[in-house]
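If you read the sequences in order, they're chains A and B.
In terms of the working numbering, the first sequence opens at residue 70 and continues consecutively.
In terms of the working numbering, the second sequence opens at residue 70 and continues consecutively.
Some hints could be false.
Chain copies aren't distinguished; within one or between two, either way the pair holds.
[Unchecked claim] Straight-line C-alpha distance at most 27 angstroms; calculated DSSO-like pairs for lysine-lysine: (1) Lys160 x Lys123; (2) Lys195 x Lys163; (3) Lys195 x Lys123; (4) Lys195 x Lys263; (5) Lys195 x Lys160; (6) Lys211 x Lys129; (7) Lys196 x Lys263; (8) Lys196 x Lys160; (9) Lys129 x Lys160; (10) Lys211 x Lys123; (11) Lys175 x Lys163.
It should be emphasised that the hints constitute simulated quantities derived from the structure, not laboratory data.
Treat the numbers as computed from the prediction; the structure is a model and nothing was measured.
There are 2 protein chains.
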Amino acid sequence: MAVSVVQKVQGQERTASAESLLDATAAILSEITTIEVSFSEISRRAGVNAAMIKYYFGNKEGLLLALLERDAESSMAALEHLVAMDMPADKKLKVHIEGIINAYYKSPYINRLIHYIVDTGGDVSKKRVSEFFIEPMLRAYKAIVAQGVHEGVLREIDPGLLYYCLVGAADHIFHAGYSVPMTLGTDGLDYEIKQRYLDMVSGIFLRGLAPDR
Amino acid sequence: MAVSVVQKVQGQERTASAESLLDATAAILSEITTIEVSFSEISRRAGVNAAMIKYYFGNKEGLLLALLERDAESSMAALEHLVAMDMPADKKLKVHIEGIINAYYKSPYINRLIHYIVDTGGDVSKKRVSEFFIEPMLRAYKAIVAQGVHEGVLREIDPGLLYYCLVGAADHIFHAGYSVPMTLGTDGLDYEIKQRYLDMVSGIFLRGLAPDR
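Based on the provided sequences and hints, a complete structural model is requested.
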């Protein structure tokens with residue numbers, strides 16, 4: 070079962086240690102293509118005793134869930150803020166697409182972690198992932214599509230289906246990052262490619278969701 | 070290292086056994102969300118002795134690679150045929166989008182297997198996956214985009230980037246199939262949802278890739 074950082078971490082010093090452990094985990098996961106992080110490597114990088122991982126997070130599932138939750142928190146707060154803004158729906162969609170692609174570029178392990186937890190985790194973990202990732206996204210998509218249809222700037226479309234289509238499109242280049250040197254003839258996935266990908270995905274979806282004239 | 074079915078299987082009877090083993094593996098992988106298939110369950114379902122898995126495929130990696138290759142063969146032959154047809158490029162794109170979504174619906178484990186082999190497999194396996202999946206797709210995208218730009222029915226776009234965007238969009242609802250009951254309020258991913266997803270993805274990409282008027 071997952072242990073929340075917030076519940077267990079009270080003192081300032083311990084918070085810093087827990088944060089260092091999460092930073093180290095994120096750094097390692099960004100370098101590899103699996104979820105095979107060892108407690109000893111996390112401990113070494115964070116400069117925090119490995120026993121503290123157990124103390125703060127219970128086990129590997131708890132650690133990974135806490136990392137995912139930390140990544141989700143700021144993204145979902147930003148998304149909620151975006152939905153509430155006084156801005157046309159198509160512009161909101163554009164800002165959102167840029168936001169998720171930048172988030173996946175910064176933390177390419179996000180969808181890998183979600184799949185790992187959903188495939189192998191307990192029911193409590195699955196429920197948490199759904200609560201802090203999928204449900205807020207879905208609420209935002211429903212609100213943006215409804216606003217856009219009302220304003221005449223978006224076609225009527227199922228927000229749930231759009232969620233899969235857009236998240237899949239935004240994520241796949243990062244999830245399949247191993248193949249980038251072969252497909253694009255570059256050393257790897259750098260800022261410039263991320264930026265070109267962002268422009269392309271944004272262009273396809275904004276044109277693709279505009280009402281037919 | 071991967072062992073090709075074609076190389077090792079000569080007799081009619083052995084071919085049928087190897088095919089039964091692949092069918093059983095495909096059936097099990099379609100039911101679960103990981104790649105945790107056991108030799109004993111494959112053997113039981115196929116009605117073929119488990120020792121034959123080792124004989125035909127060498128090991129688990131060889132078995133999974135052979136399955137992927139079998140799935141790729143027909144899909145890639147169809148794609149090559151499509152590219153060569155006398156048909157406008159936007160229509161080819163539409164047929165291709167329907168083709169990959171139907172392929173993922175039929176074999177939802179395809180991208181899971183690709184990731185597994187690329188993440189944990191040897192260099193020979195990685196090269197094979199690239200040769201029989203990614204390279205043919207990329208060649209087809211290059212040809213279709215070039216034709217479409219020439220005909221004035223598609224915008225100029227990087228075929229390599231389009232590959233990620235389109236494959237990610239087409240695959241994600243199947244890859245994240247576990248969440249469908251929650252997001253769409255249905256029992257699971259059935260034919261009707263697949264069909265609606267196909268129409269939506271196709272609509273977004275065809276509009277999204279059309280030249281600006």
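inquiry  = Of the numbered hints stated earlier in the document, which are not met by this structure?
reply    = Result: hints 1, 2, 5, 6, 8, 9, 10 break, sorted rising.
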